[in-house]
Structure formats: C-alpha cells, structure tokens
Amino acid sequence: MFAPLTADEWGIVLLSLQVSGVAVALTLPAAFGLAWVLARWRFPGKVVIDALIHLPLVLPPVVTGWLLLLAFGGNGPAGRWLEDSFGVTVMFRWTGAALASAVMALPLMVRAIRLLLEAVDRRLEGAARSLGAGPWRTFASVTLPLAAPGVLAGAVLGFARSLGEFGATITFVSNIPGETQTLPLAIYSALQLPGGDALVTRLAGIAVLLSLGALVASELLVRRSAKGGHVF
Amino acid sequence: MFAPLTADEWGIVLLSLQVSGVAVALTLPAAFGLAWVLARWRFPGKVVIDALIHLPLVLPPVVTGWLLLLAFGGNGPAGRWLEDSFGVTVMFRWTGAALASAVMALPLMVRAIRLLLEAVDRRLEGAARSLGAGPWRTFASVTLPLAAPGVLAGAVLGFARSLGEFGATITFVSNIPGETQTLPLAIYSALQLPGGDALVTRLAGIAVLLSLGALVASELLVRRSAKGGHVF
Amino acid sequence: PAPKPPTVLAAASLQESLTGVAEAWVRKGHPRPVIAFAASSALARQIEAGAPADLFFSADEDWMSYLEQRRLLRPGSRVSLLTNDIVLIAPAGSNVRLSAARGFPLAQALGPNGRLALADPDSVPAGKYAREALTSLGVWPQVHGKMARAENVRAALAFVARGAAPLGIVFATDARASTAVRVVSTFPAASHAPVSNPLAAPARATNPEGEAFRRFLLSGEAKAIFRRFGFGTR
Amino acid sequence: MSFELDVSVRRSGRMLVAQFTSDSAITALQGPSGAGKTTVLDMVAGLLRPDSGRIAVGGEVLFDSAAGIDLAPERRRCGYVFQDLRLFPHRRVRDNLLFGWRLTPPGERWLTLDDAVEFLGIGPLLERMPASLSGGEAQRVAIGRALLAGPRMLLLDEPLSALDRARRDGLLRVIEGIRDRFALPILYVSHDAGAVARLGASVVPIGE
Amino acid sequence: MSFELDVSVRRSGRMLVAQFTSDSAITALQGPSGAGKTTVLDMVAGLLRPDSGRIAVGGEVLFDSAAGIDLAPERRRCGYVFQDLRLFPHRRVRDNLLFGWRLTPPGERWLTLDDAVEFLGIGPLLERMPASLSGGEAQRVAIGRALLAGPRMLLLDEPLSALDRARRDGLLRVIEGIRDRFALPILYVSHDAGAVARLGASVVPIGE
Ligand SMILES: Nc1ncnc2c1ncn2[C@@H]1O[C@H](COP(=O)(O)OP(=O)(O)OP(=O)(O)O)[C@@H](O)[C@H]1O
Ligand SMILES: Nc1ncnc2c1ncn2[C@@H]1O[C@H](COP(=O)(O)OP(=O)(O)OP(=O)(O)O)[C@@H](O)[C@H]1O
Ligand SMILES: [Mg+2]
Ligand SMILES: [Mg+2]
Chain R
5 MFAPLTADEW GIVLLSLQVS GVAVALTLPA AFGLAWVLAR WRFPGKVVID
55 ALIHLPLVLP PVVTGWLLLL AFGGNGPAGR WLEDSFGVTV MFRWTGAALA
105 SAVMALPLMV RAIRLLLEAV DRRLEGAARS LGAGPWRTFA SVTLPLAAPG
155 VLAGAVLGFA RSLGEFGATI TFVSNIPGET QTLPLAIYSA LQLPGGDALV
205 TRLAGIAVLL SLGALVASEL LVRRSAKGGH VF
Chain S
5 MFAPLTADEW GIVLLSLQVS GVAVALTLPA AFGLAWVLAR WRFPGKVVID
55 ALIHLPLVLP PVVTGWLLLL AFGGNGPAGR WLEDSFGVTV MFRWTGAALA
105 SAVMALPLMV RAIRLLLEAV DRRLEGAARS LGAGPWRTFA SVTLPLAAPG
155 VLAGAVLGFA RSLGEFGATI TFVSNIPGET QTLPLAIYSA LQLPGGDALV
205 TRLAGIAVLL SLGALVASEL LVRRSAKGGH VF
Chain A
265 PAPKPPTVLA AASLQESLTG VAEAWVRKGH PRPVIAFAAS SALARQIEAG
315 APADLFFSAD EDWMSYLEQR RLLRPGSRVS LLTNDIVLIA PAGSNVRLSA
365 ARGFPLAQAL GPNGRLALAD PDSVPAGKYA REALTSLGVW PQVHGKMARA
415 ENVRAALAFV ARGAAPLGIV FATDARASTA VRVVSTFPAA SHAPVSNPLA
465 APARATNPEG EAFRRFLLSG EAKAIFRRFG FGTR
Chain H
1175 MSFELDVSVR RSGRMLVAQF TSDSAITALQ GPSGAGKTTV LDMVAGLLRP
1225 DSGRIAVGGE VLFDSAAGID LAPERRRCGY VFQDLRLFPH RRVRDNLLFG
1275 WRLTPPGERW LTLDDAVEFL GIGPLLERMP ASLSGGEAQR VAIGRALLAG
1325 PRMLLLDEPL SALDRARRDG LLRVIEGIRD RFALPILYVS HDAGAVARLG
1375 ASVVPIGE
Chain Z
1175 MSFELDVSVR RSGRMLVAQF TSDSAITALQ GPSGAGKTTV LDMVAGLLRP
1225 DSGRIAVGGE VLFDSAAGID LAPERRRCGY VFQDLRLFPH RRVRDNLLFG
1275 WRLTPPGERW LTLDDAVEFL GIGPLLERMP ASLSGGEAQR VAIGRALLAG
1325 PRMLLLDEPL SALDRARRDG LLRVIEGIRD RFALPILYVS HDAGAVARLG
1375 ASVVPIGE
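Residue numbers (my numbering), protein chains in the order written: chain R, 5 to 236; chain S, 5 to 236; chain A, 265 to 498; chain H, 1175 to 1382; chain Z, 1175 to 1382.
Note that these hints are calculated values from the structure, not bench results. Backbone N, C-alpha and C define an ideal beta-carbon position, used for all residues, glycine too. Take these hints with a grain of salt, some might be off.
[What the hints assert, rightly or not] Simulated DEER-style distance windows between Cβ atoms:
no.: 1; chain 1: R; residue 1: Pro81; chain 2: S; residue 2: Gly209; range: 18 to 24 Å
no.: 2; chain 1: Z; residue 1: Leu1300; chain 2: H; residue 2: Pro1379; range: 23 to 29 Å
no.: 3; chain 1: H; residue 1: Asp1244; chain 2: S; residue 2: Gly15; range: 58 to 64 Å
no.: 4; chain 1: H; residue 1: Arg1223; chain 2: S; residue 2: Val51; range: 26 to 32 Å
no.: 5; chain 1: S; residue 1: Val52; chain 2: H; residue 2: Gln1193; range: 42 to 48 Å
Can you make the complete structure from the sequences, with help from the hints?
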C-alpha cells in the first residue's frame, strides 16, 4: 500500500496533472471574463447567463459528457470547427478530457472570482486612473491584485474539481490508458472489480496526496502575496 | 417535450428539492464553522484540514459514495451511531441522498464563505465591541452580514451541486424510485433506456429550470441586501 | 395490511425488460416492486454494506460470486436466469461488412484513427466478454491500443450511435434497442463463456413478497417477456 | 483621577510607552503624527492589548498585566470616535447611530436620537448608506453613534477634523456640555490648539 | 484662467451646481460639510461625470457636455489628494508613492522620490503596508503619491487635516514652493482658514 508508485501509476498521475493543469489554465481567462461581466455589467437576462454557467453543476456529469459528445463527436459541429480551424482533435484524446474538466470547473471558478471582484473597492480604481493608469493598467495593477484571492481560490477549486472529474470525461472521451485515463477513471475501473478495494484505496491515497500538494502550493502563493509581494 | 410535468416527474422534482434543500441547510452551519477556522485561526496542520475538506472534489464521486457506504452502511460505525442517537436511518433513504449531497457540496461552500470572511474589515468588529456588543452579537450583526455574499454564493453553489449530485448518491443509497431517485439518477435511468434521449432532454430541461429558479431567488436576496435590508 | 413491496437491485442493462416483467406482476394484483437500477458493482457493495434488499439481479456472475463467497446470499437462491449474445455494431449509416471469425480484419476495418467502442474490458461485464471473444478469435492484440473503453455498455453504444467510433461491441439486447446502430456480426457462442444474468436473494432478505417475485421471474410467463426484449433464457 | 496609564506596547518594531495620570475633566493627547496617540486610545478602549502595564479610568482598573485584569471592550463602555470613523457599511445611518444605543440599558442612556440628530445636523441623512456620505457627514454620524451608546468615558480621535468652523464650534459647545453635565472622563486627540484651549483640557504630550 | 467651471450634477436627490472662474494661483473651495466640495474635485478629476456643463483648466477643456468632450481621468493629469486617501492596500508605501511616478514620462516628472520622502518625513515607512500607518502618516503618503505623478494641476481635499502644526506648516511651505516654481493651478479644500489665508488663495464659496 505504501510502496512507491509504479511506472503505470506515474503515467496516470502525470496525465491527471496535465489534464487538470491545462483545463485550469484554459478556463481561468474565460472564467475571469464571465465573472467580470456578471460582477460589473448590468443588462437584462444576466441571470440567464448566470444560470447557463451553473449548468455543469446542476446537470449530472454524464449528461454534460453526453452533450459534449453531441457537440464534439464525429458528427458534431463544434468538433468539426475545432478540427478545421485549429487542427485540434478532442475525441478520445487527452485534450477532450481537459475540455470536459474545464467545463465542469468553470462554474466554481466564475463564482469565486466574481465574489472578490464584487468586493473590490472601486474608489481605488478611480485613484489609479487619476494617477495616470489607463483602464487596462488599472485593471492589471489594482483590480486584479485585489481580486487575487478569488482568482487563486477559483484556480484551486477548479484544479481540485478537474482532478476529480469523472462522469463527463468517461462519457465524452472514454477511458483510454495513457490518453484519457486520468486518476478518477483508473479508480473507477478498480472499483468495478470484485476485490479491487486495495487498488482503489491506493489510488485514492495518491489523489489525496495530489490535492494536498496543490493546496500547499496555493497557500504558499497566498503567503507570498500577504507579505506584500504581488501574486500577479 | 413541453407538456406539463407528470405526477412522477413532480415527485422526482420535489424529492430533488427536498434532498438539496436539506443538504444545504444542514451543511451551511458546518461550512461556516470550517470556513471560520480556516480564515481566522492559525495552527500547524491547517493545510491538512483544508485538504480533507477538498477531498470530495478531488476523489471521483463514486469513491466518496463508497466511503460513505462503508461508514454509514448497516455495519458501519457512523451509521450505527446515527441510528442509535437520532433514530435516523440513511441506507437507501432520502436522508442518505441528502448526506451524500451535503458532503459533495461542502468544499464549495467552505471556500466561498472563507473568501468573504477573510475580506471582512476586522476594524469594524472592534468598533462593534467598543459600542457594547459582545463577541456573539458582533458576529451576528457585523461579521455575518459583511460575509453574507459569500454565504449566499456558497449556498447557491452548494444547492446547484446538490441538484446535480449523481455518483456518490447512486453508490451510497442506490437508485430507488420515490426515495433516492433524484433528478440526476432519473436522468441516468433514462440514458440506459433505448430511445431515452427525448426523456433525457426533458429531464435535463427540468434541471435547467430548477437552477434558473434557484439563481433568480438568490439574486432577489442579493438585491434586497444591496438595498440596505439585511439578508441576515 | 397490504403486503410490503419488495426491493429489487438490478443491473442497469435490465431496466427495460425487468420493468416489463414487473408490470405483468403488478397486473396480477401484487404490490409494485421497488427496483433500483445501477451498476452491478455498486449494487453488490450496497448489499455487502447491509442494504435492505430482497433480490439482486446482476449483469454478471463475478459480483454474484463475490457475495456468495461472503455468505451474503440465501443458499440455494442463486439462479443463472438470462443469456445474451455479444455483437459487433456500426453506425446505422455505415456499410462496413465483417464477420466475427478467427482472425477477422477488425483493426483494418477501424481505419488508422478509428476506435472500437466497448465497455471497460477490465471491469464491466460486456467488456469482459468482448475481450474474451476477441482473444479467442485472435484479434485482441490488433485492437488492444485502439479501444474506447466506456463506463457501461450503454455509453459504448452512444459512442457508435453518435459516430464517434466506427465500430463497437455490445450485448445483442443493447443493439436491438437503438435505431442509430446496426448489427454487423454476432460473435460465435463458442468464442466466449455464456453470457448470463444471475438472480439471487440476499441472506438478510425477509420480505415474502421478494421470494414470490423471485419465483415469478423464474416462471415461463416472465421468461417469455425477457425473450421479447432479446434475451435468451434457461 | 480620571485617567491613570502606565503601559507599553510594541508597534512596527518600535516600543511605545505612555505613562501619565490626569485629573482634569478633559485630557488632550498631543504629539507629532505617528507618535502613538491613536495607539493609546486603542489600548484604553481594549482594542489593543498592551504588552504590559496598567490602565485605570475613574478609579476602575480596565487593564493590569500584573493582576491579570483585561476587561473586554464591550464592558469598558467607552464612546470611541475613531480617527478612521469605522461606520458599518452595511447599515443605514439610522442603524449606525442606534447600534450602541440599542445595546445600552435604557437607564444608562443619556442622549436621545432626536437630540443627537438635532445638534449634529444629520436629519436628512438617516436613511442613507454610509458609502454615500461626505467626509464631514460621516464624521458627525460617527460622533453621534459613540455618544448614543451612553458611554462612561469618551475617546475622541480628531473628531472635528473634517468639519467647517461653524459646525466645529457648535460641537465644541456640545462637548463642553457633556463635560459639565455628565462629568465623563474625556481623552481628546487633536492638532487643533484652539479647540484644546477652549475645552480647558490638560495637555499630555505623547511620544517625546 | 486657471479654473473655469460651470457644471451641475445630481447627488442623493439634490442638485449640486458649481459655477466659478478663478485666476489665482490657488483657489480655495469653502463651504459647510456636505456642500459639494469633494464632488467638484471629483468632476474636475474626471471621476464623476457632471450631468451637464463645462470644465476647463489652464485653458484646456476637460469636459464639455455640449461639445461631447470628456477626457479620461488618466489624461487629465491631476494630482488628487483624496479626502479618504485611497492608498492601495496591496502595495507597500514605496510602491504607492511610485505608482504614478512610474507612469509619467521622465521629462514630465518634477519631483524625485528622495525629495518627497525628505519633506514628508516618511523615510522609515517605505517598506510598510498602508494598513499599518497612522492617520497622519497615511495622509503624507497620499500627498507624496499625488505629487510624484508629475501632475499639471493639484486637487487637494483637506490634505493636512490629520497633521500636527509643525508638519502642517512645513507642508504649507512645500505647497507655496510648488505654487511659485511650477505655476500649477491648485484647487484647495480646507476648513483651516489660517492655511487658506497663508497660501493667498482666492476663496470660492460652494453650496450657497
Ligand atoms: N496596525 C498597526 N500595525 C503596526 N504599526 C502600527 C499600526 N498602527 C499604527 N502603527 C504605528 O504605530 C505608531 C503610532 O501610531 P498611531 O496611529 O498611534 O499614531 P498617532 O499618534 O495616532 O498618529 P496620527 O496623528 O498620524 O494619527 C506609528 O509609527 C504607526 O506607524
Ligand atoms: N457617492 C455618493 N452618492 C450619493 N451622494 C453623495 C455621494 N457622495 C457624496 N454625496 C452627497 O453629495 C453631497 C456633497 O458631498 P461632498 O462629498 O461633495 O461634500 P463636501 O463638500 O466635500 O463635504 P465635506 O466637507 O463634509 O467633505 C452631500 O450631501 C453628500 O451626502
Ligand atoms: Mg492617530
Ligand atoms: Mg468632502
């Protein structure tokens, strides 16, 4: 149980980190943009956008995976578009696993970022403008750092959620060792086996260690920023 | 597809609302307490508690369900304790579904609350104390209202997550019509049926409407508080 | 007082047929059984954890044996009731022609990037049978790296139905259920152990209605209904 | 003795020591910016714990590190007008004003909302949120909130700094009235020498 | 003309009108608390858009509702010392001071960090975070931050209210020096009649 990781297990761990890392990195800007729109703009129908963003939380993951399959599967329009414009294939590829994770993590990230964006003291933005900073620089040097705890929390939540993502991933891109078999999929396979308990426990232990590692890393970032160094 | 809900569907919707509502109501105080400890206390090993709270995010839901099954099953220690002390049975009961949803929603709620607790201006708490408010009243009249957006966001996230909870629930308390078959489980069942696509779409549509309703309700609360009425 | 309805835990792949049998049972004036459909693995673990169930209808023998070894089944209640075929399927619009025989060109039919959709061959029953059949036909090594393993057999079916995979392997009953796929070939019965869905009563079951329903499931009337949904019976 | 202080505390690496006794109705703390005046008020109010020492007001010991006494802030009953005001941002002006008043037993209140609103001139602001107040408006609300809590001593940290001359004079008269009618010990921090003189305060230098 | 204003804006249901031209080096805005002094500075700085009217400083039109002109705040280059200071809480004192300085082309700066630190007396504070500053310390940092941005006009909203007499006199001398050396138009809000007189400001009444 406490034996060092086998080569296969290392492969799974690295793939999980890659999928989650890419998912969070890709989603963060989108999540920030959506949080910004929700926090700062007023327009009719805003609550509908808000509800759409929450959908991956509310729908069972397999349905999200199924919808992704409809959109990106062999006949899906989005899949063909991605393929034609960027040459990116997602079906049965790790990129698809990252896409599924990203979709599932999005609502968590948007909420966390939005919470802090709404708490930012707008008068400080006025002060920055008055000191000569344009809107973008004001954003980068005042708004973003003040919302940093929310961005960080969003990234941590999103990363954790991605590490645990199972239902949408397996429904969308199936369980392909070395390509889409992330840690949860490996755990699920083990759980299906009579007598697979020991393996499940071992793999779950690895997941626990990963999440602990991610949290320690985020705490270090927070401490750095609390000391007055900037996170951004 | 746009026909009014059948009696069965109403039953499923009401059960889902009941399970999610109870899950959020039960978890909110616990989430607040944990958020408080993480936001305000300093002690060694804090990051371990933080990691434990994130576990239900990082583990695949079926593993969480399995762990719940081990703990609360007929032979599990926690199950026996619940039964003996409160006369509450969770195995195969909607209470178990609520428990599973609560565990899955917890990390989201803790994070949202913690984010705003950390943003509360502690000097205002000092002002309240000086004006004659004891620690509890200071908490209730200053800290809690100032953290209210986080509590509300946590409740919304938790409720949405509970509405969508599938893997832990079916693993823990199975898929029993009228007792533990919430909306996601009904959708899963429909997905297993040949030609079930129409039913899946219909049930997913209901889920979407539920989430829209929950968000509109939360927005109304926010507006009320922004107008100076207290949420708490 | 009205008898308490029995609680039945059944593999998700039995949903349609078992519901049909239950309807017939209700028409005879019995209380409607409460049936929970989920993965056999989850259901077996629930029985192990002491869930109050009166019958267990599994998708494969392995989980049933798991429970039997732990003395969690009522002795003598285990019956292998249903049989099934495994079939090779393709999207309805595909014109691929193949016959599942020794060394048939499966990998070639998949093309350079196509994947073979099937339930997880390590753990899910439909996948385990598929692996056994492909191995005995000598084509397993060709497709080993070209599989899309699904969580359950219906998800594998969906990959083919959505055109995400050009070929897949599912139970005959699943293939019948979807108009978006067609059966390309049925695997020879000799290429794999007989597919069977066993039924048993957990040792803790006490509800007499459960035993009554179990006996009905073994009756010719119930078997006829199962056959209508494409199962074989024993 | 209205105030007896002998405390020391570390702030930003510097040791601040305050040691004085005062018997006047009003004691003015004076000293350069950053000398430690606000720090002294915070310690008297119980919001900052001295590293060591003793604080007594009107003969009652509020803090004594040797005797292990440290009264909670809510039991010290000091009407503190903070230099940074600290109005509750989530409550209307009216609820800010009544925050302490509602927590005070009726017998111990010595000011009504109507009177306070009257001499502070904040009648039109009662339903407003603090974020929309001007600097001087907010300062007047902070004064009202402190006085309405029926305190047994006053800690005033530059309470009139944002007010025009007419308002300032009016409020100085109010403070004189409180001094004379209720005999509350008052600690007054101000750079306004005229005000200090007019209140007849005895001056305690801080940070020299 | 250093300042030409003719603007009106609605605030909390009241219409505030400001209409004056001033040709002096320093223009002092005076009026009772809540009269609209800060509101005027906000409009000049471009942080509050007037409902209608026109604002010109030193002959340059910053805002003209009729002509559709509304310069962005960052292009108005006004050194604004806010009544509520608005230091950036996430940046050290040094980075607060240099915020605008770094954004200003070297040729347009007219003050160095060392000089500012010197006459403000904030040398020991450079590495501190704003939350740990005393009231007067924070005020001096806010003054330094505004001046270091090399502004072409100054908007000073009670900039010396939290300072002791010695510091206040020193900084009044600095403002006089800026007035004389750089000929910046200065809008000065203060209840301190002595300071206004000493700066030789022409007084504009607000809100009467
Ligand atoms: N929260 C804090 N943490 C650390 N140091 C602080 C804190 N608050 C104040 N200080 C420092 O303690 C010293 C005394 O501050 P204090 O606020 O008591 O000064 P003050 O006499 O009130 O000055 P002012 O007249 O400028 O308000 C100053 O050097 C200040 O920088
Ligand atoms: N953000 C705001 N929203 C609504 N009303 C405001 C806002 N800020 C100020 N006001 C109101 O506008 C009027 C003018 O405010 P302003 O801050 O300009 O006054 P002032 O002359 O600077 O007063 P003081 O000397 O007290 O600082 C006041 O009645 C004030 O209550
Ligand atoms: Mg002070
Ligand atoms: Mg003002």
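Hint by hint, here is what the structure shows:
A hinted range of 18 to 24 Å holds for the C-beta pair R/Pro81 and S/Gly209, which are about 21 Å apart. With their beta carbons about 27 Å apart, Z/Leu1300 and H/Pro1379 fall inside the hinted range of 23 to 29 Å. Checked against the hint of 58 to 64 Å, the pair H/Asp1244 and S/Gly15 passes, with Cβ atoms roughly 60 Å apart. Checked against the hint of 26 to 32 Å, the C-beta distance between H/Arg1223 and S/Val51 comes to roughly 28 Å, which is consistent with it.
Checked against the hint of 42 to 48 Å, the C-beta distance between S/Val52 and H/Gln1193 comes to roughly 46 Å, which is consistent with it.
This entry satisfies every hint, going by the numbered hints stated previously.
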